[in-house]
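A.B. asks: Go by the hints and put chain B onto chain A.
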Amino acid sequence: MIKSIKLNGEEVELTINSLCHKGDVGNYKVTIEKKLTLDLEEMLKELKKEFEIDKVHKLFIIIKKEPISISIARHGKIMIERVSPDTPENAFKIAEGILKTIPGYEGLVKIKKP
Amino acid sequence: MDIEKIREDFKILQKDVIYLDNAATSLTPDPVVKAVESYYFDYNANIERGVYTFSQEASKAYEVAHSKVAQFFGVDEKEIIFTKNCTYGINLVASGLKWDKGDRVITTLLEHHANYLPWLRLAEKHGVEVIRISPTKEGFFELKDFEKAVNRKTKLVAVTHVSNCTGTIVPVKEIGEIVHRENGLLLVDGAQSAPHFGINLRELGCDFFSCSGHKMLGPTGTGILYIKEDLRERVEPFELGGGMIKDVDMDDFSLAEGWERFEAGTPNIAGGIGLGAAVDYLSNIGMSKIEAYDRKLTTKMLDGLKSIKKVTIFGSQDPRKKTGVIPFKVSNMSPHKVAFTLDELANIAIRSGLHCCHPFLKYVLNEPFGTARASLYFYNTEEEVDTFIETLKMIV
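Read top to bottom, the protein sequences are chains A and B. The numbering of the first sequence is the working numbering, which starts it at 1 and goes up by one. The numbering of the second sequence is the working numbering, which starts it at 1 and goes up by one.
Hints were generated in silico from the structure; no laboratory data involved. Note that CB positions come from ideal geometry on N, CA and C, so glycine has one too. It is possible that some hints are incorrect.
[As the list claims (entries may be wrong)] Here are the in silico distance ranges between beta carbons for each label pair:
no.: 1; chain 1: A; residue 1: 21; chain 2: B; residue 2: 306; range: 29 to 35 Å
no.: 2; chain 1: B; residue 1: 31; chain 2: A; residue 2: 8; range: 41 to 47 Å
no.: 3; chain 1: B; residue 1: 317; chain 2: A; residue 2: 90; range: 38 to 44 Å
no.: 4; chain 1: B; residue 1: 234; chain 2: A; residue 2: 89; range: 45 to 51 Å
no.: 5; chain 1: A; residue 1: 94; chain 2: B; residue 2: 38; range: 46 to 52 Å
no.: 6; chain 1: B; residue 1: 303; chain 2: A; residue 2: 106; range: 49 to 55 Å
no.: 7; chain 1: B; residue 1: 317; chain 2: A; residue 2: 8; range: 49 to 55 Å
no.: 8; chain 1: A; residue 1: 106; chain 2: B; residue 2: 317; range: 51 to 57 Å
no.: 9; chain 1: B; residue 1: 249; chain 2: A; residue 2: 89; range: 52 to 58 Å
no.: 10; chain 1: A; residue 1: 84; chain 2: B; residue 2: 2; range: 46 to 52 Å
no.: 11; chain 1: A; residue 1: 106; chain 2: B; residue 2: 241; range: 50 to 56 Å
no.: 12; chain 1: B; residue 1: 33; chain 2: A; residue 2: 89; range: 37 to 43 Å
no.: 13; chain 1: B; residue 1: 285; chain 2: A; residue 2: 10; range: 45 to 51 Å
This is chain A alone, in the form it adopts within the complex (with noise of 0.2 Å):
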C-alpha cells in the first residue's frame, strides 16, 4: 500500500509492505521514501508517553506497547510486528502513531492506489 504524507510541507511518498505473517497477526514495515535523517532523540521525548522504551542505539530504536513491537531506524524505516487484525490499513494507523513524532510531520495527504 502506498500513501502520501506532507513533510515539512512536502508531499512524500509512504510505503506499507506486509511481511511474514501468521494468522490475523502480521508484520509490516512502514517506508517513508525521502532521503532524512530522522531525529530519534527528539522523537523518543514523545514516545516514550505512549510506549515503553525497549533498545536505543544511535542508527535505530525499539519501542513497544504489548503485544505490538515497532522498530525505528534513523533513515525512515518502521517496521511493525504483531499487527492485529492484520491490515495494511491498521499498520498505518500505528504507524501515525510514530510519525506524529516526527518534527515537520503535517498528515495524510491522499490515499494512492498501489
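C.D. replies: Structure of chain B alone, referenced to chain A:
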C-alpha cells in the same frame, strides 16, 4: 576460483550490500543480463513462427537454452520444460497426472509450501490420501519411515532435495529406490539444490525434478521442470494453445512430442535465453568448485554463529550434510528485528519469518514466529561473513 573477479560480474554488489538472502533469489551476473538485453536489442521476435531472420535467431537461441540446461543436468533436451518458477513445475505435475480416489501421495513436513499445498489440493479434489513424513529438528529423515509409508497405492513421493529452512540435504536417491520398488514415482523439489552442487538427474533417479531459474543466476520468472521421457505422455499439460501441438483439426488435436507440449503460448523467451546464459556461467566456474567454496563459507558462518552466546542455530551444524542455508535466532529478539537491524547497521540482507515452510516451523521446530535465515552463495566472501558475525555480535 577468483572471487574478486567473479564479483565484478555482479554489478549490484557495487552498492556495498552484503547479500545473504540467496535462498530466496540469487543475484544476476552481467553475462545473463547481457543475454536478455541482446534478445531485446538485437533480435526481438516471437519464436517458432517466423520465416524471417530475427524469428529464426530467437527460436534458435531459445532451443539452445533448453539444450544447455539439459546438458547441465545430464538429460535429453526433450525432457526439459521451461516454466515460470519451481512452484509452477510442481503444480504442472500435480494437475497433469491422473488421480484416483485412494491413490497415495507421500510428502514431508520439511517441504516449502510449493511442494505441500498442491498435494493437499489433490486430497480435497480427488480423495487422494496424503501422508506426511516428519523430519527431525535438524531436518533429517529416517529412510525406514519412507519404507513404512510406501505401498502399492503410492502414486508419488514428493520431497525436497535441500531444505529451504535448514539447508539439510535429503537422500532423494535412496528414497527413489524405495518408491520405485512399489512402482511409484518420485518428484524432487530442487529449488535449493540445483544452484549449489552438480546434479545428474539420470543418476539421481527421479521422475520429476523442478527448480527455479532465478535461484541459479537466471532471470526472475524462469524455472525448469524435468519430466523423464517415458512419463511425458502420462502428464497432461494444463494449458493449451499455440506452439504446443503437432496438428489441430476441427474437433481434435494432437500434442507436440518434446518440451513444446508443455509450453503453450508465447513463452518467456528472453528469460529462457537468460537462463541458458546462467547455466553457462555456472558450468564455466564448475559446480564442484562452487560446492566446495559454499562449504568453506558455511563452515565459517556456522563457527561464527556458534561463538555468539545468545544465538541459537537451527538445523544440522555439519557442513558436509547441508548447504549454506543457515537458520538462527537471537534470544529476546524477533527474527524480523534481527533482519531489520542488520540491514540498518551494515546493509546486510537476510530473510526472516516462516520461509513459506509453516508446517516445519510450527510443528517440528516449534518456532511459530519463524527464524532469521542467512543463505550463502559463491560470490559471498569470507570478509562478508566476518562483517555479518561482528554486526550480529553488536546487536545481541
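A.B. asks: Hint by hint, work out which the structure violates, then give me just those numbers in ascending order.
C.D. replies: The structure conflicts with no hint, since it agrees with every one listed earlier.
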